[in-house]
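Asks: Start from chain L and add chain F according to the hints.
There are 2 protein chains.
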Amino acid sequence: MKRITELDGSIRFFSYSAVGGYEERRGPLGEKFDYCDDSDKFGQKTWELSEAEMGRISLNIALSKAKLSHEEIDILVAGDLQNQCVSSSLGLSGFGIPYIGVYGACSTCTESLMVLSSFMNSNKEIKYGAAITTSHNSAAERQFRTPIEYGGQRTPSAQWTATAAGSFILGREGNVAIKEYMPGKIIDGATSDGSNMGAAMSFSAADSILSYFAETSYPISHFDYIITGDLGKTGSNLLCDILKKEKPGIEKFHIDCGMLLYDFEKKDVHSGASGCGTSASVLSTHFLPLLESGELKRVLFLSTGALMSPSSLLQGENIYGIAPLIFLENINL
Amino acid sequence: MKRITELDGSIRFFSYSAVGGYEERRGPLGEKFDYCDDSDKFGQKTWELSEAEMGRISLNIALSKAKLSHEEIDILVAGDLQNQCVSSSLGLSGFGIPYIGVYGACSTCTESLMVLSSFMNSNKEIKYGAAITTSHNSAAERQFRTPIEYGGQRTPSAQWTATAAGSFILGREGNVAIKEYMPGKIIDGATSDGSNMGAAMSFSAADSILSYFAETSYPISHFDYIITGDLGKTGSNLLCDILKKEKPGIEKFHIDCGMLLYDFEKKDVHSGASGCGTSASVLSTHFLPLLESGELKRVLFLSTGALMSPSSLLQGENIYGIAPLIFLENINL
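In the order they appear, the protein sequences are chains L and F. Per the numbering used here, the very first residue in the first sequence carries number 1; after that it's consecutive. Per the numbering used here, the very first residue in the second sequence carries number 1; after that it's consecutive.
DMTMM-like, lysine to aspartate or glutamate: derived pairs with alpha carbons at most 20 Å apart: (1) F:Lys-2 <-> L:Glu-173; (2) L:Lys-267 <-> L:Asp-38; (3) L:Lys-45 <-> F:Glu-317; (4) L:Lys-124 <-> L:Glu-6; (5) F:Lys-124 <-> L:Glu-125.
Worth flagging that the hints you see were computed from the coordinates, not collected in a lab.
Chain L with its partners taken away, still in its complex shape (with noise of 0.2 Å):
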């Protein structure tokens, strides 16, 4: 099985833009966010609707940056929390730009910018397109688990909704190119206890680690981070036991999105940040900056996604976890 399809270096990191709610403007990346609303409403009457407008925000601002028209791109790849994704296609409608549904939970910013990619490779005529990810702390709260207004108690492994968008341009020019990609497996997470995601989505990015360092010749030298989505602070601990085991030396690259978008002094997050949008805001707002400025020069980056529904585990089942990775590189330096 050939799981990690290479690219010639062309599809680059256009633009980028990340926007965000009160949580996010307060922690440690909030300065880097392109625009954060402190209500978290985006001026709308639904949690659902905010998540919607976050996007189409985001979107715009991404545009604005790269001085594009949205007429200038082809394409459009992406996907929410929401039940059928309606954030996605609601936000994203008034655009009028081909569309690409996806659906991989938390694991969507690299699921969208590995699917948009090969639309990118697979036709050289596309210059422009466009991965948006969100997630919205209030509209996934009360779907997956309770309405916040309840006021429930969180257990130490629950981990705190982002509410946050990354949009990221893909075009023919920038520094930061998508060298390579790799879908995930579906991996039982061995558990079905839907307040401990990070557990449950550790085993599948150990398998992706581990299955890309099989497949090819790197030392893990070559890269300066790997960095999973929001595997938070116990799914962290999960991944570095199997890591050190399997390959050892390899934990000490790692880094996890979950862990550096809220200050745990400040918020009680519990075990960290998790939503597809933590591992988009992070990538937009830290990563992709230090990829540009050269202080890094390549990285792994696996978003990590918890498949799973609330009836789904109502009736029982495991929730399965599953880590797309792409390989970043600062092809300037």
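Replies: Then chain F, alone, in the frame of chain L:
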């Protein structure tokens, strides 16, 4: 904007299968299904797991017909209508094949074939990939409307969600090639009536068909049929009204999978079949065999999706349609 991607004809249908339930066996295509379970349960204890198992069986049958092991498949692209697409992730988890989850509502069959083609075109080392689509009447009705046990009255424009799965193994050999693909745009369906999906989707089908002929130089007669997914009677009539006005004569080439799956005399399906299993199973049982045998040479195939969720409908949002398109040709004629 360049919407159409042209392929070199090397991506072909290598094997395919269709699995259904009681009503599907009783329909005019019943004998062409590879397997039907009259209980609609596929040995499972919940409708949700029944759908997952139906998808698993369907891929296994396609593998058997191709004399391939699951280890020879490099990538799966799949989707369904269940919240968070758990039918696909649970049903396909056991294969251990790298996985791309898509969400396009009832446009999933065409969307997944398009995404798979893009991955295979982008990486010529992928010898085989599979696209899987499922929908289940009882799982969908209780999620989107009311449990079937409730016995609610249905309106004349309502459709019958198919209990059906279609699996397609694409390879580099076979008579029928995917020649082109074109993603759909998200088009406002101008209704929020969850019992009239056909109407909501008709505008997106019209947009895709008219855009396709505007971008290409093919005469309409280049194709034997222009096939839509599940517009049903109401949606097909609306589509033909639009086509008659915008490009007279083209409406004569239109045929809808939602009108072919059930016998309207035997079973009161109201406006016709719906659900993403409709176009998947009708492609597998009807159109692909006709293309293979040479009775058809070229068709345009557009599964049609209604982008909405029960929450978005309750919140008064319109239903948006999407209609990705693929051009299929028997290249050995």
